[in-house]
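Listed below, chain by chain, are the residues.
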Amino acid sequence: MSGIAVFLCRCFGEVNRVIDLDSLQKKAERNNDVVSSAVCESLCLADDIEKTASRIRESGAEKVVIGGCSHLARGGAVVDALVERGIKRSAIGLVDLREACAWIHKDHPEGATEKAWDLISMEIAGLHHRRASDDVTVSVCPEAMIVGAGPAGLSAARTLAQMGFKVHLVERGSNPGGMLNLISHVYPSDEKASEKIKTFVDEVDKNSLINFYPKAKINSITGFAGNFNVQVSSSAGEQRLRVGAVILASGARVWLPHGLYRYGKLKNVITQMELERQFIKGPREVKAAVFIQCVGARNHERPYCATMCCPSSLKNAVRIKEENPDARVFILHRDIMTPGSVLEAYYRNALAKGVQFIRFEETNPPEMLGNERVEGVEVIDSVSGMKRKLECDLVVLSTPLIPNDDNVKLAHMLGLQVDRYGFFSEIYPLHPLETRMDGVFICGSARWPVSSDNAMVQGEGAAAKAAALLGSKAVSALSLSRVPGEKFGHAAVNAEKCTGCGNCVAVCPFAACRLQKMGRKSISRINKLRCKACGNCVSVCPNGTVQLPEQDYRAVAAMIKQAFGEESAL
Amino acid sequence: MKILIFACKWCGLIGADGAGKKRIQLPPEFRVIAVECAALVEPDAVIRAFASGMTGVAVLGCHLGGCRFNDANHAAIKRLELLKTLLDATGIGGKRLLISFGTAHEGYQYAEVVKTFFEELKTMPSTVAWTASL
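Protein chains in written order, with numbering that gives the first Met the number 0: chain E, 0 to 569; chain V, 0 to 133.
It should be emphasised that the hints constitute simulated quantities derived from the structure, not laboratory data.
Please note that the accuracy of each hint is not assured.
The list that follows gives simulated cross-link-like pairs (lysine to any residue, SDA-like), each with its CA atoms no further than 20 Å apart [stated by the list, open to error]:
hint, chain 1, residue 1, chain 2, residue 2
1, E, K165, E, Q238
2, V, K20, E, G12
3, V, K21, E, E13
Covered stretches of chain V, going by a simulated chain E footprint (3 or more residues, C-beta under 8 Å) [stated by the list, open to error]:
hint, segment
4, 20-29
5, 63-69
6, 73-84
To list a few chain E residues with every Cβ distance to chain V over 10 Å, as calculated [said to hold, decoys possible]:
hint, residue
7, S1
8, S207
9, R358
10, K560
Quick caveat: nothing in here was measured; it's all calculated off a predicted structure.
Here a beta-carbon is modelled for each residue, glycine too, at the ideal position from N, C-alpha and C.
Please build the complete structure, drawing on both the sequences and the hints.
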């Protein structure tokens, strides 16, 4: 059994005011595994770390137990400093004697001292069984796949191609452009959507680094950061792609308000997208138009604001006003959402052009008048409380964007998470364009409803993030940690003991486990680069075949045995 | 009273740290084992803890939907709830296993969870008789 060195920190009296550290040191000396022990004033000071490291070397101890403050306080820094001085991370055990013992048990010094010793002996027992996961390094394929050729996907493709990376642009439809193909003008610049997207579409045609796959469907994605294997069937037939990074820019779709405001039953009650389609054909003659905001949004079912419906209504209201100067245009809203200086000016412009705004309550929605075609709208103005009857020949319903149906399927293939509505989840709050799976990035409305401008910005950001991965020659499994700090390790399978039951495959949240045929039986294989060491597979394994080397069942059992002194054990 | 707490590194342990920083006083008869995720807590380990004479075992994890490992804690909570019924059947009592997700990531919350668990275990019959006979 390897020797263990125990170092206890007084923390300038913070710890030994409550815990009798000298008695702990005596107990430690009596332990057969402990070859060296010391009580220091403060382990986190630079010269004490130096002293500690040299003492460990002199004593010949292979493993170290540090009793000091918690990992979050200075303990983590002490461990890092010792790792810098050549001690393996898996050989260091940190016992929290300050936050988890001295400070919370001030009134029970005896109990605290007892607890401190139990915690130290638990750590000593656990350290015996702790091993380090073996790292693997895999080269990175410097190509990227971008799912969706809307504004987000196109700008990501352009950015990556400009950096010199090969891009596979996979699109569900037959033309690049996404939702910009369906609308007439974009806010807030009021330029034609087809012109706005033209430079990007031209780039797809001209740049030899961008391969465009129209009418494509992703059949499967396997692999890990740097090496994804994708099966795509497109109009060019079935293809296998090997890419280093995946950027999801698959966008969202418009919710249709069936059953609300007699949509689909009354003529001239249309959605914003239908109005856009009419605008693409040419000017539309309108005598009076009513826009209704928040149709199916900011309610119980979809409590979110889709952010792009208010500016879209402002844009189209102003356009109707410009094309038909005598027309009356009303916007019935619950709140006008125009954040930022540009959109606020857009709102004021609509006010100046004579668009009228009426606020209504969610509980008192406007009512449609008319039998076959819409003749008017009745609404209770929430400011005055008065019922108003607005005669009109056009009602436009602003509906929110909702996630695509295949988001869940894609998330399952990639080991991602979708939020409760079905949009892809980012790593909140510090990595807005990254996902929990390394090498998979999200941008545009696949992530959250955004305007075309914002989608393009996000596309560039996701491309920059992907470039950081694609530009590196190789990735190592232990460096791929989507959680702060060092990756804990990764699960390992004992191929001889594995019975191939597949429990681990079913529970893995990152789709890192799969069954592989080995002769007559199949065994579980865990992808070290996809595994994030959550331990789900360990818990469901019927015979302990899958283990995290950093904290396997023997370590936990040994710790439980020591939890309340040796005598409590069986 | 012997209580063993499995605390997830991202919630329970941060709560434990916060309780320490706030100097919230707690009874010393509990020990904490830090785990990377609550999903790593094997049902076998919980049973082993009861077999070694624990009065209660607590598993503290992140709130559902806030796990750093996608839905790993969903699987964990299902497994542990199932284990509770097993503990009921064996006579140990499912109430001796505290499963708490998302309630212990702040110091005062952690302290509250631990204190209430202590109070609850005090009302239960002593385990000394049957652990001594083992």
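- Please write out, lowest number first, the hints stated earlier that are contradicted by the structure. 10
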